[in-house]
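Peer 1: The chain contents come next:
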Amino acid sequence: MSILQSPIIKISLRHLFAKKRQTIVAMLGVMFGIAVFIFQAGLMSGFQMTFIEQTVNTTANIRLYNEANKNRPSILSQIDSLKGRLLFVRNQKPKDEQPKIRNGKQIIDILEKDKNVSGVSPFLGSQAIFKMGIAQMSGRVSGVDIVKENILFNVQKNNTHGNILKLQTIPNGIILGEGLADMLGAKMGDNINVISPAGVTLEMKVVGINRSGITEVDKTRAYINLRNAQKLLRVDGSYITDINIKLKDINVAGDLAEDYNEKFGYKALDWREANANIFGIFKIQNMITYLVIISILIVSGFGIFNILMMIIYEKMPDIAILKAVGYKDRDIVKIFLTESLLIGIVGGLLGLLLGFTMQQVVGSIKMDVKGFVSMEYLRFNSSPLFFIFAYVFALIVTAIAGYIPARKASKIDAIDIIRSK
Amino acid sequence: MTTVKNIIETKNLNKFFHDPVEFQALKGVNVSVKQGEFAAIVGASGSGKSTLLYVLSTLDTDYTGNIYFDGDNLSLQSKDQLAAIRNEKIGFVFQFHYLLPEFTVLENVAMPAIKLGRYSQEQIDDLAMEKLKMLGLEDQAYKRANKLSGGQQQRVAIARALINDPKIIMGDEPTGNLDSKNSEIVFDILKELKEKYNQSILIVTHDMNFANKTDRIITLRDGEVQNQ
Ligand SMILES: Nc1ncnc2c1ncn2[C@@H]1O[C@H](COP(=O)(O)OP(=O)(O)O)[C@@H](O)[C@H]1O
Ligand SMILES: [Mg+2]
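Same order as they appear, the protein sequences are chains U and E.
The first sequence: position 362 = 362 (the working numbering), numbered continuously.
The second sequence: position 137 = 137 (the working numbering), numbered continuously.
No lab work stands behind these hints, which were simulated from the structure alone.
Check the hints yourself; a few may be wrong.
Here are the simulated DSS-like pairs of lysine-lysine, each with C-alpha atoms no more than 30 Å apart in a straight line [stated by the list, open to error]:
no., chain 1, residue 1, chain 2, residue 2
1, U, Lys187, U, Lys166
2, E, Lys11, U, Lys10
3, U, Lys19, E, Lys194
4, E, Lys27, U, Lys411
5, E, Lys213, U, Lys408
6, U, Lys166, U, Lys148
7, E, Lys133, E, Lys79
8, U, Lys10, E, Lys27
9, U, Lys113, U, Lys131
10, U, Lys20, U, Lys263
11, E, Lys167, U, Lys411
12, E, Lys147, U, Lys20
13, E, Lys5, E, Lys147
14, E, Lys133, U, Lys411
15, U, Lys113, U, Lys19
16, U, Lys10, E, Lys147
17, U, Lys411, E, Lys34
18, E, Lys213, U, Lys328
19, E, Lys194, E, Lys167
20, E, Lys167, U, Lys10
21, E, Lys89, U, Lys408
22, U, Lys411, E, Lys89
23, E, Lys213, E, Lys194
24, U, Lys408, U, Lys366
25, U, Lys231, U, Lys248
26, E, Lys89, U, Lys328
27, U, Lys219, U, Lys166
28, E, Lys133, U, Lys113
29, E, Lys79, E, Lys89
30, U, Lys328, E, Lys143
31, U, Lys408, E, Lys11
32, E, Lys143, U, Lys20
33, U, Lys328, E, Lys34
34, E, Lys194, E, Lys143
35, U, Lys10, E, Lys89
36, U, Lys263, U, Lys219
37, U, Lys157, E, Lys167
38, E, Lys196, U, Lys10
39, U, Lys19, E, Lys143
Given the structure is predicted, the values throughout are model-derived calculations rather than measurements.
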């Protein structure tokens, strides 16, 4: 006996066809639940992937720096005679600038020989005010050895204008972030003034414009030569505050960071720890996405429950006859469970299709998004996992929504119905 | 001399309803129907005819005493076993025809046979058609069941009751809703089944005209058997 001839399926189908409108509404419920989830999960996850890629690409695998002035103990507490007393120091401020890494040169030499390391880049950063004519913006300069920096962060690839090597060949060259250049109205070849908190002003020439993709960074950052950064801060030629490290395998970053921390005596921050807050936000985003599908599908579940209760109420005589001619309780359960599963299977498949189509359509529209990150097209993660999760979850919900009324139907007392007419 | 065996037989059957008040609907009922016998249960309204028939048909299991059906003691069977017995050995006709409205006449007749699963779909269709012919309904086979007249529907119900060649046909006032002409037709069909195929039949009726034409009348009064 083929499946389609089985009386269970036949009866289920006839019931659903007799209630076309309600059946379609119930299917639409499942369909939209799944489609919305696939769209939202794909968008969220695609966004996160983009963000992680861009962030990880702009975050050093390991960043070595001196955190000596963070939470430094107050000077009062170092006075012996005050030990054991309750001390209270108001408005204790950390120093503005980060302290230097001593013997940075040697550390870099050692790291460059480390077999785990594929690139090392020294860094000296400072707040700065950029002025061109009357336009004035505050931001940060990154003093780097541009060739080394490029190995770590692909600076050249993100350059929309100019060659990064100009930073080495032109003594007062500067590469502006795209947003910063826009706001200053600066073009290639323009001269701008860079003023440091130490009161030094350098006239610099725009030799490149860079787009990392992270809007906030592109609005504030400018690359300059390490030597110029040292001039701005009035410090000596060995002064650096950070050493950024690129690894051959980013997954060992956490372990290596601990090693380096011990070995060099400086804080070593790996990329995962540095972006911990972002990963935390992503977790919450994902939870919200899953809550959305769960709520929508639970609502669809109620829809299915309702339509089945309606069918069962109307079909009590049918149930009584089937029982009278020898159909078992189990068969009755199967009939109504099949009905809800048919709604789930068909509605679910349509939902997968709609979700996928929505991803494709929206993903092909040129958007030029400039938000947290900037991208031309919305990127969707079309991982089969989302599709499978959504479908399996929908089937579970419909099965539960169907089983409860189905069981109820199977417990109907045939005699009550046969008598009561 | 051969003794004809009992198809169904009850021993001291009692049935109580508890709602709304404690009420004994069957009181120590001992009845039997022999193989090939056409028997009628009669009695005033409320005397317990339907109650007795539902107990005999295995649909109602809430009784005391014993029912022997085709050699089995029904009180020892599980719910599923009883469903299988109903499917295979009992043909049912109700006062209201109770067909599945979304299905064709042929599909309705075939429904118990599909559950039985003894024959292929084609064989079942042939069998159902054969029964419909017997009842003069072959030209209605592909109509939807609810498009037929009441008398026709009742004949379809009889065809459905016959599809698995049951040991007994039971009916609860199968002519109760029909005019006299259709009642006559239904009676004649049952009579013919008994005569041609030695079919055992047990029919509840309050139509004495109908009952008088059967082999034997069982009279119930207030849940007790008056005569057999
Ligand atoms: N479900 C029930 N609950 C309580 N009393 C019932 C129920 N079904 C039937 N009865 C009572 O049992 C008696 C017999 O009913 P029934 O078998 O239907 O009589 P008949 O078919 O002979 O007219 C009646 O008094 C009726 O009121
Ligand atoms: Mg009755």
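Peer 1: Would you mind marking each hint as holding or not holding in the structure?
Peer 2: Do the hints match the structure? See the list:
{"no.": "1", "hint": "U:Lys187 x U:Lys166", "in the structure": "holds, 15 Å"}
{"no.": "2", "hint": "E:Lys11 x U:Lys10", "in the structure": "violated, 41 Å"}
{"no.": "3", "hint": "U:Lys19 x E:Lys194", "in the structure": "violated, 42 Å"}
{"no.": "4", "hint": "E:Lys27 x U:Lys411", "in the structure": "holds, 28 Å"}
{"no.": "5", "hint": "E:Lys213 x U:Lys408", "in the structure": "violated, 43 Å"}
{"no.": "6", "hint": "U:Lys166 x U:Lys148", "in the structure": "holds, 14 Å"}
{"no.": "7", "hint": "E:Lys133 x E:Lys79", "in the structure": "violated, 34 Å"}
{"no.": "8", "hint": "U:Lys10 x E:Lys27", "in the structure": "violated, 43 Å"}
{"no.": "9", "hint": "U:Lys113 x U:Lys131", "in the structure": "violated, 41 Å"}
{"no.": "10", "hint": "U:Lys20 x U:Lys263", "in the structure": "violated, 73 Å"}
{"no.": "11", "hint": "E:Lys167 x U:Lys411", "in the structure": "holds, 27 Å"}
{"no.": "12", "hint": "E:Lys147 x U:Lys20", "in the structure": "holds, 21 Å"}
{"no.": "13", "hint": "E:Lys5 x E:Lys147", "in the structure": "violated, 41 Å"}
{"no.": "14", "hint": "E:Lys133 x U:Lys411", "in the structure": "violated, 36 Å"}
{"no.": "15", "hint": "U:Lys113 x U:Lys19", "in the structure": "violated, 75 Å"}
{"no.": "16", "hint": "U:Lys10 x E:Lys147", "in the structure": "holds, 20 Å"}
{"no.": "17", "hint": "U:Lys411 x E:Lys34", "in the structure": "violated, 33 Å"}
{"no.": "18", "hint": "E:Lys213 x U:Lys328", "in the structure": "violated, 36 Å"}
{"no.": "19", "hint": "E:Lys194 x E:Lys167", "in the structure": "holds, 11 Å"}
{"no.": "20", "hint": "E:Lys167 x U:Lys10", "in the structure": "holds, 28 Å"}
{"no.": "21", "hint": "E:Lys89 x U:Lys408", "in the structure": "holds, 27 Å"}
{"no.": "22", "hint": "U:Lys411 x E:Lys89", "in the structure": "holds, 23 Å"}
{"no.": "23", "hint": "E:Lys213 x E:Lys194", "in the structure": "holds, 12 Å"}
{"no.": "24", "hint": "U:Lys408 x U:Lys366", "in the structure": "violated, 53 Å"}
{"no.": "25", "hint": "U:Lys231 x U:Lys248", "in the structure": "violated, 33 Å"}
{"no.": "26", "hint": "E:Lys89 x U:Lys328", "in the structure": "holds, 15 Å"}
{"no.": "27", "hint": "U:Lys219 x U:Lys166", "in the structure": "holds, 21 Å"}
{"no.": "28", "hint": "E:Lys133 x U:Lys113", "in the structure": "violated, 98 Å"}
{"no.": "29", "hint": "E:Lys79 x E:Lys89", "in the structure": "holds, 15 Å"}
{"no.": "30", "hint": "U:Lys328 x E:Lys143", "in the structure": "holds, 27 Å"}
{"no.": "31", "hint": "U:Lys408 x E:Lys11", "in the structure": "violated, 34 Å"}
{"no.": "32", "hint": "E:Lys143 x U:Lys20", "in the structure": "holds, 21 Å"}
{"no.": "33", "hint": "U:Lys328 x E:Lys34", "in the structure": "holds, 28 Å"}
{"no.": "34", "hint": "E:Lys194 x E:Lys143", "in the structure": "holds, 29 Å"}
{"no.": "35", "hint": "U:Lys10 x E:Lys89", "in the structure": "holds, 24 Å"}
{"no.": "36", "hint": "U:Lys263 x U:Lys219", "in the structure": "violated, 36 Å"}
{"no.": "37", "hint": "U:Lys157 x E:Lys167", "in the structure": "violated, 89 Å"}
{"no.": "38", "hint": "E:Lys196 x U:Lys10", "in the structure": "violated, 35 Å"}
{"no.": "39", "hint": "U:Lys19 x E:Lys143", "in the structure": "holds, 20 Å"}
Figure legend: structure checked against the earlier numbered hints; hints not met, in rising order: 2, 3, 5, 7, 8, 9, 10, 13, 14, 15, 17, 18, 24, 25, 28, 31, 36, 37, 38.
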